[in-house]
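Protein chains: 4
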Amino acid sequence: MTYNIAILGASGYTGAELIRLIANHSSMQIKALGANSKAGQTMAEVFPHLRHLDLPALVTIDEIDFAEIDLCFCALPHKTSQEVIAALPKDLKIVDLSADFRLRDPEEYTKWYGNKHAALDQQSEAVYGLTEFYREEIKAARLVAGTGCNAATGQFALRPLIEKGVIDLDEIILDLKCAVSGAGRSLKENLLHAELSEGYHAYSVGGTHRHLGEFDQEFSAIAGRPVKVQFTPHLIPANRGILATVYVRGDAQVIHETLMAAYKDEPFIEVLPLGEAPSTRHIRGSNFCHIGVVADRIEGRAIVIAALDNLTKGSSGQALQNANLMLNINETEGLMMAPLFP
Amino acid sequence: MTYNIAILGASGYTGAELIRLIANHSSMQIKALGANSKAGQTMAEVFPHLRHLDLPALVTIDEIDFAEIDLCFCALPHKTSQEVIAALPKDLKIVDLSADFRLRDPEEYTKWYGNKHAALDQQSEAVYGLTEFYREEIKAARLVAGTGCNAATGQFALRPLIEKGVIDLDEIILDLKCAVSGAGRSLKENLLHAELSEGYHAYSVGGTHRHLGEFDQEFSAIAGRPVKVQFTPHLIPANRGILATVYVRGDAQVIHETLMAAYKDEPFIEVLPLGEAPSTRHIRGSNFCHIGVVADRIEGRAIVIAALDNLTKGSSGQALQNANLMLNINETEGLMMAPLFP
Amino acid sequence: MTYNIAILGASGYTGAELIRLIANHSSMQIKALGANSKAGQTMAEVFPHLRHLDLPALVTIDEIDFAEIDLCFCALPHKTSQEVIAALPKDLKIVDLSADFRLRDPEEYTKWYGNKHAALDQQSEAVYGLTEFYREEIKAARLVAGTGCNAATGQFALRPLIEKGVIDLDEIILDLKCAVSGAGRSLKENLLHAELSEGYHAYSVGGTHRHLGEFDQEFSAIAGRPVKVQFTPHLIPANRGILATVYVRGDAQVIHETLMAAYKDEPFIEVLPLGEAPSTRHIRGSNFCHIGVVADRIEGRAIVIAALDNLTKGSSGQALQNANLMLNINETEGLMMAPLFP
Amino acid sequence: MTYNIAILGASGYTGAELIRLIANHSSMQIKALGANSKAGQTMAEVFPHLRHLDLPALVTIDEIDFAEIDLCFCALPHKTSQEVIAALPKDLKIVDLSADFRLRDPEEYTKWYGNKHAALDQQSEAVYGLTEFYREEIKAARLVAGTGCNAATGQFALRPLIEKGVIDLDEIILDLKCAVSGAGRSLKENLLHAELSEGYHAYSVGGTHRHLGEFDQEFSAIAGRPVKVQFTPHLIPANRGILATVYVRGDAQVIHETLMAAYKDEPFIEVLPLGEAPSTRHIRGSNFCHIGVVADRIEGRAIVIAALDNLTKGSSGQALQNANLMLNINETEGLMMAPLFP
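Protein chains in written order, with the numbering used here: chain A, 1 to 342; chain B, 1001 to 1342; chain C, 2001 to 2342; chain D, 3001 to 3342.
No lab work stands behind these hints, which were simulated from the structure alone.
Just to be clear, a hint being listed does not mean it is correct.
20 Å max Cα-Cα, derived SDA-like pairs, lysine to any residue [to be verified]: (1) K1264/B <-> N36/A; (2) K1264/B <-> E125/A; (3) K188/A <-> E2045/C; (4) K3079/D <-> N3115/D; (5) K188/A <-> E2189/C.
None of the values given here were measured: they were computed from a predicted structure.
Given only the sequences and the hints, what does the whole structure look like? Please build it.
As structure tokens, this is what we get:
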């Protein structure tokens, strides 16, 4: 069976990544591509790397007949997404890649994003899209909220450790190194090649990054009590990748065993041998997440490092994995491509 | 049916690229990986980006039982390849990625490579592996010689034009811009990140690059008279890609029509609308070649620009395309992945 | 003696480069920094790399008292520059870095830039700022027009050869590889790091780049008859540098000797030994231009390659060199820093 | 007065950087360049970016007449340096850039470097070369030991805080992001452009990096009791720069005031306004160190971030600053160039 797919926000990086993945999917067919600002253009004009594909032209969202769509990916900007989704058919399966439906508590949403939520009904039914930990809920969901790419990376490193109680919950520091495509296709001086290449810096320092809302929500829920982590992202002169260096208190061997056990049946999570550290270059363009654990010289401390591709496992790959579950397709379909190296 | 595949030289970039591609191939299975210098290691050690794959460990070539192999890729260094292939079973199907069997005339081989050829019997039976132009010979071949990556790029831009006589054969200049993976995994100061990034230069200037041997052989054969082109490659701070800017004399519109006609049924060659120029960023990691034609302000002159990924269409992708033909598999199998962008 | 300097357009890359150079100049002092769009900000805000310097805050151009200024650099956008300069005091020494005063013929200006020139009086008195070839005129000039960065690179390779008649004037092809800072600080999708890095392409293909106006003007003037060259620029994923690969007809040794003779007393032009090719990585951040000559395998053809830093020798370094001459300061003052490598 | 300078190890990156800096120094003249492996070559051959300079050819160390040398920089590999320095004249002023004389305790040296020290006499007289904190000792020293580049960065962030007791000494985590030139010109696969660019990873994870020996020595000495920090370096795809993100416990405002006070008269240390974070792109190619302080959302925690250029302030610039002091020259001579941006 072939499912008809719509992608809203097809002119951004996550939209293009969805098309790259779905192009080789055995049971999905792209039926509609929405992008209000570039409606009327072909994908070959907007993304020449997709010119070999036979794709529908970009249209406004209004022009799409959702009656013929089996599942819709929303790769729209934050705030726009909630407005659009509120107006879509109420029985349409949706995977949202924005931040709009990640936080379950409307007050938390307002705290981190500044505005009142405009689609509270949808927010209450949305399932948090971290596939490996919400698999059954996602299978049954109508609306799945894709996670933040940083939030996904940190959670892959930490969730099993918090759940099993093998680390000190009050002493967690996440130092993240993020490639630039995570900032999207936005036109800002500091994203220009001339400014970004050959330099790197921390941003949202001090606990102001919005993905902290997801960490707070998820880690506290697992622990059954409030957990507040320290989180500092850095912008690195590379295009794809997130490397999370996580400083924890606990026994490295126990931590390693806990992660090995948690992920032993997961097709996309690779736990490296104890003492080895992953690299973003080894997961680029793929849906894999590599995790390493190393003991520190200071007794009782360990470093957990996770690497994934922000556009794939951190965003569009995760979205497709969730869509596969929602449509009862093999979960790994369209996602087993090996990383691109060099 | 599933064919058993061996890859010799599996610890280099073209070997790794073959594995990346074959990993998703529906009717090939990697049975043996040879790499004398790294024998005993696993692929996860040599190329951690392939660690999710269930691959045989690296062995010496001697250890491989070729009786169970249906087709062997040789991704060995020049000169080594001819010695190894001379000793392989005489009925084994082989796709060679080295330069050893590209030149049909042994004297031309010696002129460009400096040594006497050590496998003249095999050389005489080898078919030049530029798929789009030797398709029937490749189907029937036992030994196919992969082309030079620069040689492939230049030929995609020029072969139909030479064949149809629409350009001046004595006024062809190829200015190539090559990414660094074309230099392989060799340890040289000028390939270090600190030296290469943020700088670029011409090399093998003045007509000394060995791929000229291929241009001379092929273009002269098509034209039925000697054709000597001018060819200057440049090393660019990027990992994958070749951009060939070809300066020719002829009518741009006729040139464009000639290329459109020549490639209209080719699955991997995309001729852009007249006046558009391709970019290497739009073919990265794929088997596609984009070609553009632009008229110059000087009447009677045109610029033809071709872009491909040196490791894929310029090398391992071409090799797999040829192997598909030799094994009577669908030619595009395992090769339709979209480029990686950004 | 210390001269008071004003820089208009101080918030762009060429403005910042001027400040970097003048910061270590023994007899210049920055008195005013104009940048209408960012007036009120400090340089530490606009360019944090200059925060250690004691600089005046940015002001609107109107706020500057030009009576106390000895020389003014205009690093404003094209078209803006002519309007601003028309309104400046008529006896103020000016070095303009825009394209507005490079073309002596107003019709040529309109042909390449599309609009009528708004400061014809100033245009008629402007001296073309290619220091090595207009040194005496520049010393006596009130208004010097900085050259295009591509135009400078090509002229360094070609002017002596055209003047001495050692190459065929109808067979000149310039294939240029330009780093991205040449595009300025403009916010365009294709200048984003995620889009530009790891890819490269030709632009303004076919003879549409505006710097051709300068080539036409200068080469025709030297030759005493119309000279039209072919010129294709390419955008390379690096921040600084232009590499001009120039295909000419002539004897390589004669060409090399001609360049050696022409530049033997020039402090910033280095002609490499015959057969060697320069690299942009060896001139980065400096005012030097490296030139190499190599004979092609086709008799009677040669390749001349020139490398310089577009922001320094191609723009702000050239501007300072000219200002030194105009103020009767040692020509090399403030410009002898070695390139930054790696 | 002009001092005669020798540089041993002139064919490495720190050697080249010394030459770049000294080339514009008003009272130093390079008299001898030693590089055993490349003796006989010119600097134009080894480092073409220095070809405009009138430099002595490379010689073996034996060939140098140290009687005419006022100060010698040793930019030799670890272990080689101690052997060479042991054999140099005992009254020759030396600035060593290797790790050989950084650790005062021979047992600590052996613990971190694995071998017994071969020049214990010299080790005992060596002064640790962190200029801002050993200024008086350096002025009087004969032999100064340049610090590790990571060690320098971390100490700039932390020394005043430890000295003033404003942070918790048992809760210090340094997460460093290091550019690749810090690895030197060594030929390793993971330093190749094709492998390093577009990827990043942690190395020496768990407290095994040798620069920890310096942190232990210096921080414990200041605190008057053992201080052990946690330190994880990461290799970033950029050429120059170290960014130290330091997680501490203490009041951000007090920390900021402490750093402001400590560095208020330092010419090269710039403390940013509270809440701002530095970037490596703003110190590239310069001798400046930028330091920022931000309060974390978790009360009582702060992040201190320091950025410097590993080859300049982290190595050769520091060495020249020390040499200036040892020769009683103005400390900032030759070091006031502005960073290169973009």
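Report task. Provide an ascending list of the numbers of those earlier hints which the structure does not satisfy. Result -> 1 and 2
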